[in-house]
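Trainee: If you read the sequences in order, they're chains A and B.
Going left to right, the first sequence walks through residues 9 to 347 as my numbering numbers them.
Going left to right, the second sequence walks through residues 66 to 403 as my numbering numbers them.
Keep in mind that the hints were calculated from the coordinates and are not lab data.
C-beta: ideal position from N, C-alpha, C; glycine also.
Heads up, a few of these hints could be off.
[Unchecked claim] Result set (DSS-like, lysine-lysine): computed pairs, CA atoms no more than 27 Å apart in a straight line:
(1) Lys118/A with Lys227/B
(2) Lys118/A with Lys224/B
(3) Lys43/A with Lys272/A
(4) Lys43/A with Lys68/A
(5) Lys324/A with Lys199/B
(6) Lys245/A with Lys43/A
[As the list claims (entries may be wrong)] Okay, the calculated beta carbon distance ranges per label pair:
(7) Gly381/B with Gln220/A: 30 to 36 Å
(8) Gly215/B with Glu136/A: 51 to 57 Å
(9) Lys199/B with Lys324/A: 29 to 35 Å
(10) Thr175/A with Gly172/B: 21 to 27 Å
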Amino acid sequence: MQRRRLMAGAAALLTMAGTTLAGANLAMAADKPVKLGLVAKSLGNGFFDAANKGANEAAKELGGVEIIYTGPTTTTAEGQIEVLNALIAQRVDAIAISANDPDAVAPTLKKAQARGIKVMSFDSGVAEDARTVHLAPSSDALIGEACLNLISDAIGGSGKIAILSATPTSTNQNVWIGVMKKDLAEDRFKGLDLVTIAYGDDLADKSYRETQALLKQHPDIQGIISPTTIGIVAGAKAIEDQGLSGKVWITGLGLPSELEGHVKSGTVKSFAIWNPIDLGYSTAQIAVQMVRTPDAVGPGKTVKVGRVGEIAFDDKGLGAMAKPFTYDKSNVEEFAKIF
Amino acid sequence: MSLSIEQLAADVRADREVHSARKRPFMRWEWLLLLVVLATFGLNSWASPYFLDPYTLSDLTYNFTEKAIVALPMALLIIAREIDISVAGIMALASVAMGMTAAAGYGLPAIVAMGVLAGLLCGALNGALVTLFKVPAIVATIGTMSLYRGIAYAVLGDKVLKAYPPDFAYFGQGYAFSLVSFELVLFLALALVSGIVLHFTVVGRRIVAIGSNPTAALFSGIRVERYRFWLFTLTGGAAGLASVLLTSRLGSTRPSIAVGWELDIITITILGGVSILGGKGSIVGVVLAALLMGLVTFGLGLLNVPGIVMSIVVGGLLIGVIALPILFRQMRAARRGT
């Protein structure tokens, strides 16, 4: 009996607490903050933690923005759907997602849109009709150009270079190499002479052996571009093991945490990869504008994103943030802690 | 099937033994679960202002219905002292079968039939391995778990099948009436059927008898192997059905569909009070456990609790709910002892 009374009391208390919260909510409705759900592929991934850092930076800059950083434990579409349903229930104003599966999350995102929530994707996109815009970290043209700029800088503007790619059929790498070949024909890169392309198949040991062979066959090579995170590490190791550090330079796309040592030892002067902090910053900037000025963001429009500059979206709503971010001695240590 | 007097008597005896010995703690278990469900519901409404909302409550059901539909036959299987670890693999393979049927241009009925049929066949293979080749269930289904998902990966690789007709979306996204989803109605109907079969029919009592003591059941004239085979087939069929729902909800098939669900499904079953040693369990418990899992995961999601913490909570809940009754029993025994 006593227990029952206790329960009744507790229930009454709960109801009261509930009403108070609801009341507080109404009071805040006047100038309620923009709530943005930032959905990662999975939690515990340094890349997205860094993006969240950038998003919060944007939130502070814009004012009146609350970032809800969330994601599933494992990189599954089902997990992301549960997270999305929770965000929809909280009536967030906007959702920005890096999707584990572009199709499977689409029905849920459409449901969010039907309930008045603005949806965009970043990093890894979703089906076109399930979002307003997609923000890619960079574009093929910018990546190719960045690689040439980096090698040109490393070897002092002129000399023989080679490319260490992934597999001969890798879509991304082939597109980037295509861009590089096209840019090499231009005047600004006329000092660079592309001798050969080697394929390390994105395997550490094969990339290492291919680099060794490359250095033996072409002793006059001064620089290697590896537009793959596995190739650049293996290549740097091969150059160091051959004692060619400081004579042959390697650059390309890599992860700060893997390349920190090679930057310090001098084999890698600088390298590039998208900056996840800037990506999160831009994503939050765009998402908030989608809520505050819905007409300003959409396919075919150019959006101002604070310190990053302007991002143009094409008629399919695809936009590229910026050229890849360059890492060197001055900042690699800081970013190595992140990803 | 004709029954001799002796068989019947043995049945009744086994049945009476099972029920009279366990009826009371049984009931207490479900009350405990109900209490936890209500407490979680109260806690959720208190912690988040968004919880008590018809749309939220409707969305919430999607967190558990598909898993719960597989948990029902899983409960029967575990009560009969078997287990099926391959259910998520079956879901993947069934989804691929449906995707290919849809891609080949067949209509809605063929797609759904294909999903369920693929599930039944996978389940029958599990059943055959256990009953014909005498492979222990856990070993057989760990094997087929990899086999089924492996086939799904081999067929699809990194590709996706999404040629589903628009009407297909109803199963996983449609509402039977107002905000009550088709999935929820289907689950409740299946739960009702499972409950009646387990608790009010000879078949149900035999399943309990098999789980309580397979040898005794065999000598009482129950065709133990036949029951086992059909239970595996049934579980496979339910996984196929769940795959129809999930595939419809996602609108696409990838080989990674429902990865890791087997553990969630078994968790619901065990949380529902089904003894992993067999011979004990109720459908009401499983339904309550499914509801509880949905409430806990959705409630924590509403508070933006990271998934890592969520799995710790679910694990703690499982251990807590299982340990509590044992603790009570020991305390009572100790009190009686002094």
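Trainee: Hint by hint, work out which the structure violates, then give me just those numbers in ascending order.
Mentor: 3, 5, 6, 7, 8, 9, 10
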